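**Q** Generate the whole structure from the sequences, applying the supplied hints.
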Amino acid sequence: MSVATAHDMKANMAGVQRTGPRTAAPQSGFAPWKDPAKSPIVRFENITKTFDDFVAVRNVTLDIYEREFFALLGPSGCGKSTLLRMLAGFERPTEGRVIVGGQDITSMPPYERPVNMMFQSYALFPHMTVEGNIGFGLRQEGMAKDKIAQRVDEAMAMLELRPFAKRKPNQLSGGQQQRVALARAIAKKPRIVLLDEPLGALDKKLRQQAQFELMRIQETTGTTFIIVTHDQEEAMTVASRIAVMEKGVLVQVATPGDIYENPKTRYIAGFIGDVNVFEGKVAAITDGYIEIDAKDGYRFKTRSVEPVSVGQQVWLALRPEKIRIAHDQPVSAVNVIPGKVEDIGYLGSISHYHVRTAPGERITALRANSAHTVERPISWEDNVWLDWPVDAGVVLTA
Amino acid sequence: MSRSHSPDLGRWYVIAAPYFWLFLFFLVPFFIVFKLSLSDVATSIPPYTPTFSWSTGIGDFLSKLDIENYAFIFSDPLYVNAYLSSLKIATVSTVLTLLVAYPMAYGMARAPKGWQPTLMMLVILPFWTSFLIRIYAWIGILKPEGFLTLFLMKLGLISEPLQIMNTTTAVYIGIVYSYLPFMILPLYASLEKISPTLLEAAEDLGSRPWRAFWQVTFPLSLPGVFAGCLLVFIPAVGEFVIPDLLGGSETLMIGKTLWTEFFNNRDWPLASAVAVILLLVLIVPIVVFQRQQQIEREAGR
Numbered sequence: 371m372s373v374a375t376a377h378d379m380k381a382n383m384a385g386v387q388r389t390g391p392r393t394a395a396p397q398s399g400f401a402p403w404k405d406p407a408k409s410p411i412v413r414f415e416n417i418t419k420t421f422d423d424f425v426a427v428r429n430v431t432l433d434i435y436e437r438e439f440f441a442l443l444g445p446s447g448c449g450k451s452t453l454l455r456m457l458a459g460f461e462r463p464t465e466g467r468v469i470v471g472g473q474d475i476t477s478m479p480p481y482e483r484p485v486n487m488m489f490q491s492y493a494l495f496p497h498m499t500v501e502g503n504i505g506f507g508l509r510q511e512g513m514a515k516d517k518i519a520q521r522v523d524e525a526m527a528m529l530e531l532r533p534f535a536k537r538k539p540n541q542l543s544g545g546q547q548q549r550v551a552l553a554r555a556i557a558k559k560p561r562i563v564l565l566d567e568p569l570g571a572l573d574k575k576l577r578q579q580a581q582f583e584l585m586r587i588q589e590t591t592g593t594t595f596i597i598v599t600h601d602q603e604e605a606m607t608v609a610s611r612i613a614v615m616e617k618g619v620l621v622q623v624a625t626p627g628d629i630y631e632n633p634k635t636r637y638i639a640g641f642i643g644d645v646n647v648f649e650g651k652v653a654a655i656t657d658g659y660i661e662i663d664a665k666d667g668y669r670f671k672t673r674s675v676e677p678v679s680v681g682q683q684v685w686l687a688l689r690p691e692k693i694r695i696a697h698d699q700p701v702s703a704v705n706v707i708p709g710k711v712e713d714i715g716y717l718g719s720i721s722h723y724h725v726r727t728a729p730g731e732r733i734t735a736l737r738a739n740s741a742h743t744v745e746r747p748i749s750w751e752d753n754v755w756l757d758w759p760v761d762a763g764v765v766l767t768a
Numbered sequence: 612m613s614r615s616h617s618p619d620l621g622r623w624y625v626i627a628a629p630y631f632w633l634f635l636f637f638l639v640p641f642f643i644v645f646k647l648s649l650s651d652v653a654t655s656i657p658p659y660t661p662t663f664s665w666s667t668g669i670g671d672f673l674s675k676l677d678i679e680n681y682a683f684i685f686s687d688p689l690y691v692n693a694y695l696s697s698l699k700i701a702t703v704s705t706v707l708t709l710l711v712a713y714p715m716a717y718g719m720a721r722a723p724k725g726w727q728p729t730l731m732m733l734v735i736l737p738f739w740t741s742f743l744i745r746i747y748a749w750i751g752i753l754k755p756e757g758f759l760t761l762f763l764m765k766l767g768l769i770s771e772p773l774q775i776m777n778t779t780t781a782v783y784i785g786i787v788y789s790y791l792p793f794m795i796l797p798l799y800a801s802l803e804k805i806s807p808t809l810l811e812a813a814e815d816l817g818s819r820p821w822r823a824f825w826q827v828t829f830p831l832s833l834p835g836v837f838a839g840c841l842l843v844f845i846p847a848v849g850e851f852v853i854p855d856l857l858g859g860s861e862t863l864m865i866g867k868t869l870w871t872e873f874f875n876n877r878d879w880p881l882a883s884a885v886a887v888i889l890l891l892v893l894i895v896p897i898v899v900f901q902r903q904q905q906i907e908r909e910a911g912r
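Which chain is which? The protein sequence lines are A and B, in order. Read in order, the letters of the first sequence are residues 371 to 768 in the working numbering. Read in order, the letters of the second sequence are residues 612 to 912 in the working numbering.
Simulated from the structure, these hints should not be mistaken for laboratory data. A couple of the hints might just be wrong.
If we take Cβ atoms under 10 Å as the criterion, some of the chain B residues that face chain A in the derived model are [to be verified]: (1) 696; (2) 699; (3) 702; (4) 806; (5) 813; (6) 815; (7) 823; (8) 831.
Since the structure is predicted, the reported quantities are computational estimates derived from the model, not experimental observations. For glycine and all other residues, C-beta sits at the position ideal for the given N, C-alpha and C.
**A** Encoded structure:
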């Protein structure tokens, strides 16, 4: 992953970040994974983990860099938690090595590793107060009492836990418990903080708040955070890079923007956000454009540098928000399909339109409800036209 | 309002039933024993006086009650020593039982889920044989020409027969053996509830496994430790069969003293006084336990 091309290096020197075609996703200047001079803080090297006959993690190689907020994303049972637990030391890899800061820690017991974990269940010690829980890790090091108290207070201040210092975990709300668990994981100032579905137990509103709090803590402490989640929105929100896993295999590692705009496979395209996929064969390749004969008889034209050959089976992935929907046939537009509105999902800020085309395909288009009043709102059973520009879609070969 | 009346009545019955039971089988017998303890021994049937009769009236009856049995118990060191010896034997055997039971309960709680019912069964299995028969079996094991001596002599570890039978050691062995399940079950119940993730969290924060045990597992198992200790300590204090069969004449325990007073000396009033004091001695740890439970329940709220 850390191999940079000459083109990338030139781009870096010029102070410009470019990953393939320019996309709508924001680009940040923080990208140590592109810098060949940087060495990773965590390296999973050809990691395989099997439980009896079941292969939980299959030959994963992954580099994570200092100060990254790295997300391991995938459905339950994809091996992301197992990977995290191997970094914490609770599981031993069947094959491969785990390297932290250049040191092989594959067989190091958990209590010696420079990582601290925030557990999905929080795993707060029920017989200790908030203070006692946060200071637990510091007490193991034989640190002076006043120094411990100071560090505990620091962590409590950062997470606004001071008023609850003397309470036991069962006297706290879910959100407060979550903050205590986070405070406990950062109190020792570990090199890496591991978060295993840290916000899974919170309701949606609290969850969004907690996501921004996680980002704030990660930035102020400057620690490397690795989060495991099955929630793609959460991963998109907090992470500098996301690794998508499926059935124990790493499918794609990229920034949230890249994953969304340039997914590598149909699986990723479908897992991150909504997507319309058209199956077809490459009909023509002309100077940066690919024309595709779709299964339904349509011909689509799209800008792509994907190395494909004429006649090859490909899929065109289209995000709903990149498809325009209108009552009138668009003039001089490429990629136009007529259809009938079958269903409308009105979400307030946006509306989803599910349109059935003549060959029977179902396409989802999305429109922001930016105007307060609309002269001719699109309604059920309306005949509409869908179209999208040549740079809206992504050509996938898998 | 008769519709709302009937569920109230139902609730009242549910609450009243255990109290009625306690009243009938605990409080009433207790008052009979307490009344007996204030009587004087007599050579008659029943072997005490006064007996209540309608002809003399209740005032006359009450005036004949006195506390001289209690005074006697405290003046004769035999009884005080018997109480102290009972408390000591019960304390030591409770600690021994705890030391034996804790690793067993811990092993059970950490065993694979599918194994746990079987292990539980094995703990309860001895109850299928009569308590008395199991104690008699120990006589066969512990007596000088018994199995233990024979076995150790075969191995060449000892050359003289062991003198365990009719000593306090035999009583300890008997009590630990008999009451082990009462210690294991509450310990298991509290250990089994502790999430393994808590230990992972402790290790993750730098605690070595042995320290993690003392910092996390043991404190969280304390309710089970308290419950188990009481379940062993209370019956052990009043234990009669084990010291009688295994401890011989050397072992002084209050249960045996009580039995001797009652059956050998036919001194029912004195035996009753001994029983009443024994009850008072036992109420103290029960109250302590109740308070502990109360604190726990309040903390859990």
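**Q** The structure should be examined with respect to each hint, and the outcome stated for every one.
**A** Hints, one by one, checked against the model:
1. Taken as an interface hint, residue 696/B does not check out: its beta carbon lies about 36 Å from the nearest beta carbon of chain A, beyond 10 Å.
2. Because the beta carbon of residue 699/B sits about 31 Å from the nearest beta carbon in chain A, more than 10 Å, this interface hint is broken.
3. Interface hint at residue 702/B: violated, since its Cβ lies 26 Å from the closest Cβ of chain A, which is beyond the 10 Å cut-off.
4. At its closest, the beta carbon of residue 806/B sits 7 Å from a beta carbon of chain A; the interface hint therefore holds under the 10 Å criterion.
5. The interface hint given for residue 813/B is met, as the beta carbon of that residue sits about 7 Å from the closest beta carbon of chain A, less than 10 Å.
6. Of the supplied interface hints, the one on residue 815/B holds, with its beta-carbon coming within about 5 Å of a beta-carbon of chain A, less than 10 Å.
7. Annotation: interface hint on residue 823/B holds; nearest CB of chain A at approximately 8 Å, less than 10 Å.
8. For residue 831/B, the shortest C-beta to C-beta distance to chain A is roughly 6 Å, which falls under 10 Å, so the interface hint holds.
The structure is inconsistent with the numbered hints 1, 2, 3, although it conforms to all the rest.
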